[in-house]
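Q: The lines below spell out each chain.
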Amino acid sequence: MSKIMETQLLDIAAIRDQFPVFRETLPNGSPVTFLDSGASAQKPQCVIDAEREVLETHYANAYRGVYQFGAQIDEELEASREAVRRLINADDSSEIIFTSGTTMSLNMIAFGWGGRHLKAGDEILLNHMEHHANIVPWQQVAERTGAVVRYLPLTADGRLDLQRLDEFITPKTKILSVTGMSNVLGTINPIPELSKRIHDVGGVFVVDAAQSVPHQVVDVIADQIDFLAFSGHKLYGPTGIGIMYGRSDLLEQTDPLLFGGHMIDRVYEDHSSWAEAPAKFEAGTLPIVQAIALKTAVEYVEGIGFEAMHGHEVSLTQSAHQRLMEFPGVTIYGPSIEHKGAILSFTMEGAHPEDLAQLLDRKGVFVRHGHHCTMPLHDLLGVSSTVRVSFGLYNNQDDIDRLVDALQFARHRLRLG
Amino acid sequence: MSSTTYMTLEELKEEFEFLGDWEARCDFLIDLGFELPKLPDDAKIEPNRVHGCQSNVWLIASVNEDHEPATIRFLANSDAMIVNGLIAVLMAIYDDKTPEEIVETDVEEIFHELELDRYLSPARKNGLFGMVKRVRQIAILAASQDSE
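So the sequences go chain by chain: Z and U. Numbering-wise, the first sequence is residues 1248 to 1664 according to this note's numbering. Numbering-wise, the second sequence is residues 10 to 157 according to this note's numbering.
The set of hints was computed from the structure by calculation and includes no laboratory data. We treat Cβ as the ideally placed atom computed from N, Cα and C, and that holds for glycine. Incorrect hints may appear among the rest.
When the alpha-carbon atoms are kept at most 16 Å apart in a straight line, the in silico EDC-like pairs for lysine to aspartate or glutamate are as follows [claimed, not checked]:
(1) Z/Lys-1610 <-> U/Asp-36
(2) Z/Lys-1443 <-> Z/Asp-1413
(3) U/Lys-22 <-> U/Glu-124
(4) U/Lys-22 <-> U/Glu-109
(5) U/Lys-142 <-> U/Asp-115
(6) Z/Lys-1610 <-> U/Asp-30
(7) U/Lys-142 <-> U/Glu-109
(8) Z/Lys-1610 <-> U/Glu-32
(9) Z/Lys-1366 <-> Z/Glu-1329
Label-pair restraints from in silico Cβ distances [unchecked claim]:
(10) Z/Ser-1631 <-> U/Ser-71: 23 to 29 Å
(11) Z/Glu-1573 <-> U/Phe-43: 21 to 27 Å
(12) U/Ser-71 <-> Z/Thr-1578: 35 to 41 Å
(13) U/Gln-146 <-> Z/Asp-1652: 40 to 46 Å
Below, a sample of chain Z positions facing chain U; criterion: calculated Cβ distance under 7 Å [said to hold, decoys possible]:
(14) Gly-1597
(15) Asp-1602
(16) Gln-1605
(17) Asp-1608
(18) His-1618
(19) Arg-1660
Just chain U, same shape as in the assembly (with noise of 0.2 Å):
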């Protein structure tokens, strides 16, 4: 899973800038959903639902040891395009980060940057929110494994 790229937070800014309007945008996030690595059919299983999604959305995570201090890899596809292209945001945001950083990362900002939060319906954003929450529990779990 070590090989798995996803775009930086730097790179998707610029992008988003320079696309503009929210259809752009859009058109923009279904590229990136048709791009996001595959998650292996035998990961989408109940445990690694991620609830509060209005489509199924599957997430499961790695520690990269690579790295040092060691990073967390993230996998996740929805069966939704444009979902899947949030998830794309949010790896931009979470992959490849140490279970510190992802817990210190303030993605609201984030989101209001991109502008995403004008854009998204509340029922989506409880949707990327039920994720943020699973990626977060996943960094606090890892940060206690670590100091054990």
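Excised from the complex, chain Z in its bound form (with noise of 0.2 Å):
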């Protein structure tokens, strides 16, 4: 552990410094311990200022005026834009797609791409780790086409099953979807070698990287990734605002599931022809400001550098996971702590999550409890619910004294020592 801990470069006293939120402290007088960072991270000042600062200054709507505003807006439009190819490393800034988030980006993804390419008797791998979202949408396409979704099994401590990927990519697999990183169990997956087996016979690699842009550098290019979705509220940036990345040959041989404004080419009486992406898939107005604030968010985590940040987050991951395990009748679920990012989902004995949940937040220890959106997932695992905890860059040491000390509390209270 202590080899980890020396390249914890990050001056977390600083960055705390640059979210207003914990400058502020609970009603109680107790100091907010942010444990949610999974569900959505706090905002550093940057952001908030860069929102406010389109508002006050030059708001107008994007791709329509040539009037000073509209022009400027375009070009912020078009320089977050670039920074997130850049964040990405995709190749050309119309492979990046603003959308509402994650869950919008992979129903666009599985209705524009599978809807369209899908057949009777094709399949669509996931596995029982996906997010809800990158397995109902997969769902309703199969029932739409008659594709078949087929979960590869997980090895017993919540990782892919490498072993029997022979049996499962098949010439039939069209699609592997799979998550970067694990919402629930942390686990990371490894996304180089899934694409390379499910490319292998033809079919298109597509990945959820809502957990994982966060904490390590996604490279679409040297993984060849196909379609990527990530939103940019879990990325320190504004909430509303997400990206399906796409590789342009596939963007074409996609149909837009949205149809309206600016997506169109020329519209007849009776028939349109679409723009070409990214607008082929930008009908309407979009969340214009969250947009432009997301390059402030993606600058920030460049500026910190995604190696500085992984350390970090992984000496907080150890140290939480063997004060955790100090609890009696603790299971923290997923692999080793070699492969998984800052989430932790644990339960307890003799405490529901949901009181533990409620309790901690009494010591303002803010966690996630429930399914996380994985039902299949706990349903594997046997319990219906387990408490989250994940790290954030801003996260430190006193975080995780706070979360033991709270969690001794929740014991105390729930008659359990």
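Reassemble the complex: the two chains are provided individually, in unrelated frames, and hints are given to aid placement.
A: Laid out in structure tokens, this is it:
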């Protein structure tokens, strides 16, 4: 563990100071211990300022007006698109589609590509650790096209069972859609290997990067990712803005999901033709302010550096893992620490996750509980609900101390000791 | 089941007033949760499950004909202890009342008096109203069977 601690290069006190929320105390005087960044991350001052600046100084609709504000907004949106392109190392910024979030992106991929290309008997390969947003759209597309959803089994410790890939990735497999990092188990999936295996059979590779983009370098070229989805709000950026990346040749073969203004080339009385990507997939008015401020968030994390963030989060996860295991009756789900990111989901014998979450809240410790939109995974784990602790770059060892104290308090209240 | 006793609404209101702040009330709810009569495991089946709660909640009802007019007795449990405390609150409101009394009860007014509405998150409120809805459905059903 000491080896990893050495890579902790971040000045966390300075970082925390950049997030106004951590300067506040709660009504009962306790500090904010925010351990739910997996659901949504807190925002640094620069992102808050970026949104306000657009609203205060030059707000206008996008891609509509040649007047000064309109032109400035267009330029800023394109700069943001370019920042995201750089972040995920896409070839061209036209491959970066602004959406409302990961869920919208995955629906657009499932229906836009899958709806057009899947036919009866084709297979869509998922697995039990996927978020509902990477299961339900595929189920729906399967129902409409006659394709079949299959699940690659997980190993006992919550990793994809790579030994059985050959059984599941066959010439029938048209799509493999997988999360970069499980939002419950924290499992980091072997994206390059999966990419190679699905491409060997001519299938399309989709990555739900909602949890991975905020924590690790995602490179769509190096990893040969065909479609990628993520959200701005988990990346310290605004809510309501997400990204759908698609390789340009695939985007050409992808139908839009929404039809209307801006996405058209020419509209006739009886038919229409579509604009090129990205406009083809951006019908209606974008979340303009949020899309522009996403650039600030991207630059913010790039400025800190993924390596430093990762090192810091690994040390927090290790430390929290160790301290949680000191409680009697605790089960932490998922693989050993070297295979997972900054997420720990656990149960504690005799304490319902909902009670734990509510009692921790009394101490200002904010954690998520429930099925985390992964019911098939919870069915597999044999529990209906877990408590999830997830870290962002602003968390520190004090947060873990307060988590442990709050858990002691909760145990006492629940008559467990 | 007729031996089951719950705290009365008056007792509950007095206790809440005495306790004052939410933390003390929350601890009291947990205590009530621990004391809540247990539902037999074989009653924890899907048809008895109340939807809309984040935790599992099961609720069963029976008619108490010792009363004239007959009242309805309830037994409900959750796997979460704070929810069991909230069930105890509902029992104080609804248990051993006639169907007419149940239907006529202004539960929102009682939650407001107890200041529960201030402290419950929308998700938890939804769960609580899910239980209220089930209790009222049972009462309406009992009333209609009564009149047949």
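Q: Would you list, in rising numerical order, the hints stated earlier that this structure does not obey?
A: Numbers 4, 9, 14, 17, 18 - these are the hints that the structure violates, sorted from lowest upward.
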